[in-house]
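Protein chains: 4
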Amino acid sequence: MRKHPRTKLALTERIVMKALVYHGPGKRAWEDKTKPTIKEASDAVVKIARTTICGTDLHIMKGDVPTVTDGRILGHEGVGIVDEVGAAVSTFKKGDRVLISCITSCAKCDACKKGMYSHCATGGWILGNTIDGTQAEYVRIPFADTSLYHVPKGADEDALAMLSDILPTGFECGVLSGAVKPGDIVAIVGAGPVGLAALLTAQLYSPAQVIMIDLDDNRLEVAKTLGATQCINSTDGKSADRVLALTDKKGVDVAIEAVGIPATFGVCQDIVAAGGHIANIGVHGKSVELKLEKLWDRNITITTRLVDTVTTPMLLKSVIARRLEPRKLITHEFVLDDLMKAYDTFGDAAKTKALKVIIRSA
Amino acid sequence: MRKHPRTKLALTERIVMKALVYHGPGKRAWEDKTKPTIKEASDAVVKIARTTICGTDLHIMKGDVPTVTDGRILGHEGVGIVDEVGAAVSTFKKGDRVLISCITSCAKCDACKKGMYSHCATGGWILGNTIDGTQAEYVRIPFADTSLYHVPKGADEDALAMLSDILPTGFECGVLSGAVKPGDIVAIVGAGPVGLAALLTAQLYSPAQVIMIDLDDNRLEVAKTLGATQCINSTDGKSADRVLALTDKKGVDVAIEAVGIPATFGVCQDIVAAGGHIANIGVHGKSVELKLEKLWDRNITITTRLVDTVTTPMLLKSVIARRLEPRKLITHEFVLDDLMKAYDTFGDAAKTKALKVIIRSA
Amino acid sequence: MRKHPRTKLALTERIVMKALVYHGPGKRAWEDKTKPTIKEASDAVVKIARTTICGTDLHIMKGDVPTVTDGRILGHEGVGIVDEVGAAVSTFKKGDRVLISCITSCAKCDACKKGMYSHCATGGWILGNTIDGTQAEYVRIPFADTSLYHVPKGADEDALAMLSDILPTGFECGVLSGAVKPGDIVAIVGAGPVGLAALLTAQLYSPAQVIMIDLDDNRLEVAKTLGATQCINSTDGKSADRVLALTDKKGVDVAIEAVGIPATFGVCQDIVAAGGHIANIGVHGKSVELKLEKLWDRNITITTRLVDTVTTPMLLKSVIARRLEPRKLITHEFVLDDLMKAYDTFGDAAKTKALKVIIRSA
Amino acid sequence: MRKHPRTKLALTERIVMKALVYHGPGKRAWEDKTKPTIKEASDAVVKIARTTICGTDLHIMKGDVPTVTDGRILGHEGVGIVDEVGAAVSTFKKGDRVLISCITSCAKCDACKKGMYSHCATGGWILGNTIDGTQAEYVRIPFADTSLYHVPKGADEDALAMLSDILPTGFECGVLSGAVKPGDIVAIVGAGPVGLAALLTAQLYSPAQVIMIDLDDNRLEVAKTLGATQCINSTDGKSADRVLALTDKKGVDVAIEAVGIPATFGVCQDIVAAGGHIANIGVHGKSVELKLEKLWDRNITITTRLVDTVTTPMLLKSVIARRLEPRKLITHEFVLDDLMKAYDTFGDAAKTKALKVIIRSA
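Residue numbers (the numbering used here), protein chains in the order written: chain A, 1 to 362; chain B, 363 to 724; chain C, 725 to 1086; chain D, 1087 to 1448.
Chain A on its own, in the form it takes in the complex:
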């Protein structure tokens, strides 16, 4: 519908780079691709310094995300160095170190003006989805002015790579939408990377308690070190009962769903107190049963959200001020050339105990 002015490109030689490429369900390769170039005046090309792998990338690899087609370079997270900017880019220049947002924002459409960048008419989640992504030596970033952030001097870039997606996702979809506030009792169902990101960022609002619920004792151990006040292994299917026991049968002020299946959404319904919030972060593949016959008069709020990354500037400040330590989520380190191995490790988290892997350019 909308057209971008196409800058006239001289017929340039094709430059080759390495990238992690999706070739249909179960098939990926670390292979040669053409280095991206500026296509629109608002583009930047960024040389990747850090990237990471998201649970969503594993979903893609399973074939669950039909918008991702054969030949796509994956990845929507990373930190890098600006290599080239289009004529309309005014905030960044070659050589700037930048944080890449998983969400591309044009800043012009109705959704962007409302701060709902996730629903940008021409952006949103496109990196490593409908356009090539960050698991490569270089990536083209559309609307660079409003989709990149300056890396403050001396910042820990491993930590910042967590701000591309996982921290704002846990924070916006879980903590903000759940309206966590001082004194609250919060329960987070799911102690995977996103649930742990919600745990870390919930503490920005100083809840009285944060109860973590998961099937995996190792992840619950980690949760404890990251600030959980109580941990519940839900293997026996009685996590809701235990939450109610912990809360004088009142339930929790905020229940954050960080798994994406009917059972865990059901737990949230069972434990939310009157007047409370259920904040859904999980990516759901099927419908869930909403028990309105029990909830219609309970004054509860249920929210869904795709991360907008509107809070990235705030999260950056919080990391720099050491109010937030996302580095704690990183369990494994790789170099870019070992991205295939990084996928193996991240994909077998039950065994490797991987949470987030950091992949560095050198």
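These are calculated hints, taken from the structure and not from any lab test.
These figures come from a predicted structure and were not determined experimentally.
Mixed in with the good hints there might be a few duds.
As the list claims (entries may be wrong) - List time: in silico DSS-like cross-link candidates among lysine-lysine, alpha-carbon distance up to 27 angstroms: (1) 1180/D with 475/B; (2) 742/C with 759/C; (3) 905/C with 1041/C; (4) 113/A with 611/B; (5) 249/A with 224/A; (6) 475/B with 1427/D; (7) 1267/D with 1310/D; (8) 600/B with 286/A; (9) 153/A with 1336/D; (10) 1125/D with 475/B; (11) 1199/D with 250/A; (12) 543/B with 742/C; (13) 1018/C with 1372/D; (14) 455/B with 1200/D; (15) 611/B with 877/C; (16) 113/A with 771/C; (17) 817/C with 114/A; (18) 1310/D with 905/C; (19) 424/B with 389/B; (20) 1427/D with 181/A; (21) 1200/D with 475/B; (22) 1427/D with 1121/D; (23) 1075/C with 786/C; (24) 455/B with 974/C; (25) 397/B with 456/B; (26) 94/A with 759/C; (27) 181/A with 397/B; (28) 380/B with 401/B; (29) 476/B with 250/A; (30) 401/B with 114/A.
Said to hold, decoys possible - Going by beta-carbon spacing under 7 angstroms, a handful of chain C positions derived as facing chain B: (31) 750; (32) 907; (33) 928; (34) 1047.
What the hints assert, rightly or not - Calculated from the model, a selection of chain A residues having no Cβ within reach of chain D, i.e. all distances over 10 angstroms: (35) 238; (36) 331; (37) 351.
Beta carbons are placed, not taken as given, at the ideal position from N, Cα and C, and that holds for glycine.
Chain A is fixed; fit chains B, C and D onto it per the hints.
Chains B, C and D alone, transformed into the frame defined by chain A:
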């Protein structure tokens, strides 16, 4: 757990009054009952001047509300004159004209302090439910100081009777929880009395459009006179398509559910725009399917609520200032002695076209 | 600090247009100027169809605004037709009818990302101030994508010209910052065009009363037709007493200052109720006395604001939906060639009773 | 206007207790007074276990608070044991350990219903002001149900005594009214007990920086240990310049005034960033100059507030959860019989370095 001081009552003669009494599913009678007296120091006894019948009363008559037992006087709405007050009542005195709230608030418990009177530890919706109600010559009102409101001089008491329940219900559960704001497109599914109350009160926030959806052309006609900008008869099951057609396929900012069945909640899910709100008012008897596989990334908010009547003071001001005209909901008038007829008329709304009936003491 | 890519312009012939030009205090002329051209890729050039004159333009003419220098084309309001767009403009094309915002927003800086366009690092109020404005046949609009708005088909463009500045100013600085809500008592001190714009837009939130205060009976008469519930002529210096008399000595929930002098700000302090808001719209030339010895424990909020025009999309919808009728502010009509006369009329409002003048291209 | 039912009291013997009594400016005594009894059905009498002295008590001693008359028992802070309750009290019983709020709330008036207990029609700040206070062996607490809080089992009662006034004052008037949020830069002008309470409670919202400004190096040292990120001694009158230097000339998001004189309020005006907040806590004795000629277009918010103590339940939870450690404000300990000495110590803070003193019954 909590004890109220019981004022010592002299052994008084039993005084008889008339009341509408529930005697199990399908059975009601206009019969003699003992006139209520002060039981707690914070009680008032109010002589009824106006009362009305609620859709909930019809549910009770069907046997759908198990907390209501044989012998209960029904009714939770009304305007009256204070007949007697307990020793701890300081805001009202004998002779004061008062609006009765359908929700009783102790003002002391955690829920009340948060403004969530509906979940008052000892109050909430008890009138005509767990204690005797307003469809009688007299009613005892617990926590009178915080459950009654002074009727401003010269006010239209028929109109005020609509503030006991239906106006705050439409406003709080629909308009406020749905966060209606100027410029919004709002759809209200269900043009019964509560849906129409939501329509009237939504206009306090000047939405650009209010689309009413119902199966009944008569009610849609009424909706038009009350400010609906578009009306859709949903008999053909295509109301969602038509709403999308009216909104450039974007959907509505706020979808208010005012029926209480899975189908209408489903329509709300189909028509809510990204970033929008679904505000449930309907009383649901069974679970609904929540299409999280479609909604998880749509940034929507779903709310449930039992009316708190925290906005009653504001609604009173708005009626006095003629910003709101709830009298328009009244279609039929009765005297108290004809309460049985009033039930017949209200219960057969399809034929009688009744919305709200007003029942006056004389 | 930031550089825009300069599109290479062929050496074009100078095209001449007519414009209202400031030549120092008290001196203005309707004279020939060079028609503007695209300077930055994000610019548009707009042919003016409607413009108007603002109280601020009169301040400029008095020499009160030092940023405005000799030779500047005045004007920051208008509606027009896109004549040409820069290479980076994607939302508008030649021939589009557009509303021009008085505030230019780059959409990229920290302030713009927060919705505080008034403090845009490179924009803000620049039209008719630090760059040439809209009182001309053509105007160059920087950051066109985020500083122009599409005119809906069939819209009343005279009315829309009120949305460039005065309506969002009254609404954002007065009504929103003052947090007007249903049931409130609002007082607006100053019934000039901005005060009346606050009066019109306050009604989007259905306050119970809006009391207008001014020295001019004619303006108060107009206020009455625009929705004021009470009017007070403050010539006798007793307006505060009268407001207190009208409000049971409690004062008002919201006091909107729409003049810009110490006396009127003083009235606001005298009439604000405990828990209330003072929303300053007036442009102040000197300090005022803040009576903290009286106000420190009164739980009041005082706000200042330069209009951000973030609410322009909502106001547009409200005008189209006929919830707002800004046309009512227009008292006089002129053609563009009579702009000098329009200034005379607008500048002598006491005699001409001018509120807003509309100036049309033909 | 309102009448409380007076419980019939048997003619009892006068029981004597010790109390700190005000006898006009500069005169106080630790002397015999009659032990208070229940006067209204909603009263409780509380035996004091902990009390403390407030800066306001020193103001009273100077004769600055004309509502306090000769013979008044001072004190509005404390923790104690319920000794007796009136007939209408339902939340507390003899023997309950309770936190006393400095603000008395009837829970029935318009102000209380809005959560603005400070402006309660019959309560507000009355303890140690218009009725006898807590610096005594016993105190009568009106509206006990809504003016006392249960002490959780095992709680540190010294710490809780800080929740009677100083913590909610710093939090509500400074942090909440100033809208402190994660990532913010906050400056607090005044590192006395209230400023330090604002510092402690600001951290519930994880600001990136909290800059403390004071004349006293000792207090700034303390501030550092309580979480201040930067400290500025303002003796040279250049604190505003230094704050601007620390913030890239942008100023702070929130400036909290915790002194109460024109100079410090002036500093707040000089350092607040565009879009920022000035939250006044200080008790002001004279007017201040509000520089509207500089601030009218800066989008700032200025708030005043008398503490409402609506956040006491949340602060209690935060202390129990160890998110807040108000005990850190206590510098000196006394027994009740040494209250006169405690005043000497607290009154000579420059020398004694006293912040808060705790006074225990035994």
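Status of residue 351/A, Cβ more than 10 angstroms from any chain D Cβ: Given a closest Cβ separation of 36 angstroms, the condition holds.
Straight-line alpha-carbon gap residue 1267/D to residue 1310/D, limit 27 angstroms: 20 angstroms, holds
27 angstroms Cα cutoff - pair residue 742/C, residue 759/C: 8 angstroms, holds
Pairwise hint evaluation, residue 250/A against residue 1199/D, where the allowed Cα distance is 27 angstroms at most: Cα-Cα ~24 angstroms, so holds.
Restraint check for residue 475/B with residue 1427/D, where alpha carbons must lie at most 27 angstroms apart: 39 angstroms, violated
Straight-line alpha-carbon gap residue 1310/D to residue 905/C, limit 27 angstroms: Since the Cα atoms of residue 1310/D and residue 905/C sit roughly 42 angstroms apart, the hinted pair is violated (cutoff 27 angstroms).
Hint consistency between residue 1075/C and residue 786/C [alpha-carbon to alpha-carbon, up to 27 angstroms]: 19 angstroms, holds
Minimum beta-carbon distance criterion (7 angstroms), residue 907/C to chain B: Result: holds, 4 angstroms to nearest chain B Cβ.
Straight-line alpha-carbon gap residue 113/A to residue 771/C, limit 27 angstroms: Holds, because 26 angstroms separates the two Cα atoms, which is no more than 27 angstroms.
Proposed proximity, residue 759/C with residue 94/A (alpha carbon, max 27 angstroms): Violated, at roughly 36 angstroms.
Residue 401/B paired with residue 114/A [C-alpha distance capped at 27 angstroms]: 54 angstroms, violated
Chain B contact restraint on residue 750/C - CB to CB distance below 7 angstroms: 41 angstroms, violated
Checked against the numbered hints above, the structure violates hints 6, 12, 18, 20, 26, 27, 30 and 31; every other hint is satisfied.
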